[in-house]
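> Let chain A serve as the given structure and place chain B on it in line with the hints.
2 protein chains.
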Amino acid sequence: MKALIPYKRQNAKSRLSPALSLREREQFVELMLRDVVESLREAGVTDIDILTTPSNGVPGDLGTNILFSEHDLNEAINQYLETVNEPVLILMADLPLVAPRHVKEIVAIDKDLVIVPGKGGGTNVLCIRNPQRFYVRYYDSSFLNHCRIAEETGQSVHIYDSFLLSTDIDEPHDLIEVMLHGHGLSKAYVDSKFGMERNGKSRAGLGLLQ
Amino acid sequence: MKALIPYKRQNAKSRLSPALSLREREQFVELMLRDVVESLREAGVTDIDILTTPSNGVPGDLGTNILFSEHDLNEAINQYLETVNEPVLILMADLPLVAPRHVKEIVAIDKDLVIVPGKGGGTNVLCIRNPQRFYVRYYDSSFLNHCRIAEETGQSVHIYDSFLLSTDIDEPHDLIEVMLHGHGLSKAYVDSKFGMERNGKSRAGLGLLQ
Chain A
44 MKALIPYKRQ NAKSRLSPAL SLREREQFVE LMLRDVVESL REAGVTDIDI
94 LTTPSNGVPG DLGTNILFSE HDLNEAINQY LETVNEPVLI LMADLPLVAP
144 RHVKEIVAID KDLVIVPGKG GGTNVLCIRN PQRFYVRYYD SSFLNHCRIA
194 EETGQSVHIY DSFLLSTDID EPHDLIEVML HGHGLSKAYV DSKFGMERNG
244 KSRAGLGLLQ
Chain B
44 MKALIPYKRQ NAKSRLSPAL SLREREQFVE LMLRDVVESL REAGVTDIDI
94 LTTPSNGVPG DLGTNILFSE HDLNEAINQY LETVNEPVLI LMADLPLVAP
144 RHVKEIVAID KDLVIVPGKG GGTNVLCIRN PQRFYVRYYD SSFLNHCRIA
194 EETGQSVHIY DSFLLSTDID EPHDLIEVML HGHGLSKAYV DSKFGMERNG
244 KSRAGLGLLQ
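So the protein lines, in turn, are chains A and B.
So the first sequence is numbered by the numbering used here: it starts at 44 and just counts up by one.
So the second sequence is numbered by the numbering used here: it starts at 44 and just counts up by one.
Just so you know, the hints here were simulated from the structure itself, not pulled from any lab data.
Some clues are possibly wrong.
A pair holds if it fits inside one copy or across any two, identical chains being indistinguishable in the list.
In silico DSSO-like links for lysine-lysine, alpha-carbon gap of 30 Å or less [unchecked claim]:
hint : residue 1 : residue 2
1    : Lys51     : Lys147
2    : Lys230    : Lys244
3    : Lys154    : Lys244
4    : Lys244    : Lys51
5    : Lys230    : Lys51
6    : Lys244    : Lys45
7    : Lys45     : Lys236
8    : Lys154    : Lys230
9    : Lys230    : Lys45
10   : Lys154    : Lys45
11   : Lys154    : Lys236
12   : Lys45     : Lys147
13   : Lys51     : Lys236
14   : Lys147    : Lys230
Predicted, not measured: the structure shown is a model, and the values here were computed from it.
Isolated chain A, as found in the complex:
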């Protein structure tokens, strides 16, 4: 089992800008990447490829492979899938709530494809048994795209249902989930910047620490 993590740091996560400055966002996406890599390793997935461009500066001490592509996300991943001959787990880098337990459960599922849906029809994790028989189509309700591609190519599918893996960190209110359910470097970072506003409402708000 290989893992592939697409990674973008430059001006990443602009929707977090009400809460974090450009420099903070670039720090934070690197910490999220480190947490994702750590969870993969703890789950026994050690052959990890990070897909990025040279200007995104993947830290050298991660101990992963680094692959460069200037293509867009779909084209870059599809070129990658054509070259590999073993199962591939594609995880987004903005999933700091992923735990080793999730990875172990997903790779143990005996289906051709495991899809972990994100909010709004996104695909947060894909586990692809036969990379040469599959292609990705992110954006534009990718969850439905990937279900359809599996059907068209006659592959069996498991939909893996996880709140923690559905939570990609895109907007300020997602940072609350890192506080509540996170671990590792990304949780430490969010805890160092923000407090939780418990104001009697059903959902907690994000407060800036003094």
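Just chain B now, kept in the frame of chain A:
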């Protein structure tokens, strides 16, 4: 195993008002309630109490018990817990994505308490083995409250991780999840009103059907 569903229909779900009129919202919350009751039944949980007030008009054909209380949510549930002598599953009525599989898995977990977190620190489902040893405190980061209460009363806890159960239907964008992952009456209702806007972005938008 008993189930308890707190239910409010009158002027419910005001945050859905950009998408649904008052009358539509009142229809929709009733359909969600019916789907939740159906999933419980299919999972073998048939002793179902709906906790409400007389003015909320629980439909008479549901075949559930109906309990009236004018107290606030926490006080009403805590009074209820004092009177029952068997395990109780508390489900919110705005969880139309709940499937029989979820209910079966949750009631089979061998812990004193199962907590299903919602977004923003909410509690969407609670499974309480010993109702007389527990009390609820909804609102105000209830997920943390319930973890703390379990710890203070020396009870074991399982956090059940589900995207579908984390999705309470509060805001227009939550209706997309009903389209994508729903079933039953609530999905049919949403599909009859809205279409999905697939616009090349990572998350699909909600479009009004002509």
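> For every hint, state whether the structure bears it out.
Quick rundown of the hints versus the structure:
Proximity of Lys51 to Lys147 under the C-alpha cut-off of 30 Å is restricted to the intra-copy arrangement: shortest distance 25 Å within a copy versus 40 Å between copies. In this assembly of identical chains, the alpha carbons of Lys230 and Lys244 lie at most 30 Å apart whether taken from the same copy (23 Å) or from different copies (27 Å). Taking the closest pair of Cα atoms, Lys154 and Lys244 come within 30 Å of each other only across two copies (28 Å); inside a single copy the shortest separation is 41 Å, beyond that limit. Taking CA atoms no more than 30 Å apart as the test, Lys244 paired with Lys51 passes between copies only; the shortest distance there is 17 Å, against 35 Å inside one copy.
With identical chains, the CA atoms of Lys230 and Lys51 are at most 30 Å apart within one copy only, with a shortest distance of 20 Å there and 36 Å across copies. In this assembly of identical chains, the alpha carbons of Lys244 and Lys45 lie at most 30 Å apart only when taken from different copies (28 Å versus 43 Å within one copy). In this assembly of identical chains, the alpha carbons of Lys45 and Lys236 never lie at most 30 Å apart, being 34 Å within a copy and 43 Å across copies at closest. In this assembly of identical chains, the alpha carbons of Lys154 and Lys230 lie at most 30 Å apart only when taken from different copies (27 Å versus 33 Å within one copy).
Taking identical chains as interchangeable, the C-alpha atoms of Lys230 and Lys45 lie at most 30 Å apart only when both belong to the same chain, with a minimum of 26 Å there against 37 Å between chains. In the homo-oligomer, the alpha carbons of Lys154 and Lys45 lie at most 30 Å apart inside one protomer (16 Å), although the nearest pairing across protomers, at 35 Å, exceeds that limit. For the identical chains of this complex, Lys154 and Lys236 are neighbours neither inside a copy (41 Å) nor across copies (35 Å), given an alpha-carbon limit of 30 Å. Within a single copy, Lys45 and Lys147 get their C-alpha atoms as close as 13 Å, which meets the 30 Å cut-off; across copies the closest is 34 Å, which misses it.
Taking identical chains as interchangeable, the C-alpha atoms of Lys51 and Lys236 lie at most 30 Å apart only when both belong to the same chain, with a minimum of 22 Å there against 37 Å between chains. For a Cα distance limit of 30 Å, the shortest separation of Lys147 from Lys230 inside one copy, 22 Å, qualifies, whereas the shortest one across copies, 32 Å, does not.
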